Amino acid sequence: MLRVTPRPFQRFLDAHREDVWRYLAAAVGRHDADDCFQETFMAALRAYPDLRPGSNERAWVLTIAHRKTVDHFRARARRAVPAGDDLLEAAGFDPPARDEGGLWARVGALPPKQRGAVLLRYAGDLTHAEVALALGCTEEAARRSAHEGLKRLREDLGDARV
Amino acid sequence: MLVSEVEFDPADAAAAAVRFAVRAEPDVAYAVIGTPVGTLVAATTTRGLVRLAYEDDNGGVDAILDRLAQRVSPRILEAPARLDAVRRELEEYFAGARTSFDLPIDWTLTSRFGREVLRACSAIPFGETATYAQLATLAGSPNGSRATGNALGANPVPIVVPCHRVLRTGGGLGGYTGGLHRKEALLAVEGRR
Numbered sequence: 001m002l003r004v005t006p007r008p009f010q011r012f013l014d015a016h017r018e019d020v021w022r023y024l025a026a027a028v029g030r031h032d033a034d035d036c037f038q039e040t041f042m043a044a045l046r047a048y049p050d051l052r053p054g055s056n057e058r059a060w061v062l063t064i065a066h067r068k069t070v071d072h073f074r075a076r077a078r079r080a081v082p083a084g085d086d087l088l089e090a091a092g093f094d095p096p097a098r099d100e101g102g103l104w105a106r107v108g109a110l111p112p113k114q115r116g117a118v119l120l121r122y123a124g125d126l127t128h129a130e131v132a133l134a135l136g137c138t139e140e141a142a143r144r145s146a147h148e149g150l151k152r153l154r155e156d157l158g159d160a161r162v
Numbered sequence: 163m164l165v166s167e168v169e170f171d172p173a174d175a176a177a178a179a180v181r182f183a184v185r186a187e188p189d190v191a192y193a194v195i196g197t198p199v200g201t202l203v204a205a206t207t208t209r210g211l212v213r214l215a216y217e218d219d220n221g222g223v224d225a226i227l228d229r230l231a232q233r234v235s236p237r238i239l240e241a242p243a244r245l246d247a248v249r250r251e252l253e254e255y256f257a258g259a260r261t262s263f264d265l266p267i268d269w270t271l272t273s274r275f276g277r278e279v280l281r282a283c284s285a286i287p288f289g290e291t292a293t294y295a296q297l298a299t300l301a302g303s304p305n306g307s308r309a310t311g312n313a314l315g316a317n318p319v320p321i322v323v324p325c326h327r328v329l330r331t332g333g334g335l336g337g338y339t340g341g342l343h344r345k346e347a348l349l350a351v352e353g354r355r
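Chains as they are written, first to last, in my numbering: chain A, 1 to 162; chain B, 163 to 355.
Treat the hints as calculated values from the structure; they're not laboratory data. Just so we're clear, the structure is a prediction, and the values are computed from it rather than from any experiment. Be aware that one or more of the hints could be misleading.
[Unchecked claim] Which residues of chain A face chain B? A few of them, derived with a C-beta cut under 10 Å, are:
no. : residue
1   : Arg11
2   : Phe37
3   : Leu45
4   : Leu51
5   : Arg52
6   : Gly54
7   : Val70
[To be verified] Derived DEER-like restraints, expressed as beta-carbon distance ranges:
no. : chain 1 : residue 1 : chain 2 : residue 2 : range
8   : A       : His31     : B       : Val180    : 15 to 25 Å
9   : A       : Glu139    : B       : Ala247    : 44 to 54 Å
10  : A       : Glu148    : B       : Ala247    : 53 to 63 Å
The C-beta atom is built at its ideal place from N, Cα and C for all residues, glycine as well.
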């Protein structure tokens, strides 16, 4: 239907809750996904009247989710006390505690730009252009980050799954 | 695509969404309520009850929510707990335990004249009726029976604002946006007809 205002937020929530949850489970692990989920949709609710009808709701909400995961990683890095090996943890390179095992743990260990690009592209299923908007870089840089991140994962894991 | 690699239970996402709806503060909260006169969609704002819609007379829940999104705010969430007072008072009314509603009303969906008509209508006591002509006079528009009828037909909160208590001079039922069978049923709840 021709819309002047966005559709009811409940329907927006119904439509995107699974994509956002799946993305966050990959990005921060199931244990921490709920906090980020709540914060993502709180932010989306506040900004919702400004969403132009016809814009890509999914990319918009996953961009918000991405920002919340960045906040999450930053907060974790600040909480960590640097001491020897923990310096890596303080720098935000520590993979979040998770129960899924190898693949996503290694994604969490990527440098922030590559981690963001890989998660948004492959757990969020955004296009490179949408990833670029979310990360605030050019599409070329987004492609490069995703490519390098995947390359690193393949080297780390040494298998053909990726 | 790596998406399928993520362990994912849709029930987790659904539960997270329910937790969100309970804690968030939307502009409009709604719930679907069953009554002896059919399924209603009740919606409140911080100011009060803004809409009480017969589900089957308004195109269904989605159509009702769409119109609320356009006319009040798109920040709408299903939050049954916020409609507890509405649900309780409706139950009491249909059980014969309540003769007037204590719910604050949000008049956003009415025109100025509509508000006058509906406020006058709210003064008709439980179990009694008035005519369109009488109501028009009370609303300050003595020759405006038709406009009064239209304003009643546009009542966004039927049952609570008792437009079912307005009849034709001579006792004819007149009209009712939710269907005349509902008007009769509500009058019967109140011991009329």
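Okay, the hints, checked on the actual structure:
The criterion of a C-beta within 10 Å of any C-beta in chain B is met by arginine 11(A), whose closest approach is roughly 7 Å, and the hint holds. Interface restraint check for phenylalanine 37(A): the shortest CB-CB distance to chain B comes to about 5 Å, inside 10 Å, so the restraint holds. Of the supplied interface hints, the one on leucine 45(A) holds, with its beta-carbon coming within about 6 Å of a beta-carbon of chain B, less than 10 Å. Proximity of leucine 51(A) to chain B holds as hinted, the smallest CB-CB distance being about 8 Å (cut-off 10 Å).
Taken as an interface hint, arginine 52(A) does not check out: its beta carbon lies about 12 Å from the nearest beta carbon of chain B, beyond 10 Å. This hint is violated: glycine 54(A) has a C-beta 14 Å from the nearest C-beta of chain B, more than the 10 Å allowed. A cut of 10 Å between beta carbons decides the hint on valine 70(A): the least distance to chain B is about 19 Å, and the hint is violated. Range check, histidine 31(A) to valine 180(B): Cβ separation about 19 Å, and the 15 to 25 Å hint holds.
Take glutamate 139(A) and alanine 247(B): their Cβ atoms lie about 52 Å apart, and the range 44 to 54 Å holds. Glutamate 148(A) and alanine 247(B) have their C-beta atoms about 57 Å apart, which keeps the hinted 53 to 63 Å range intact.
When each numbered hint is compared with the structure, violations occur for hints 5, 6, 7.
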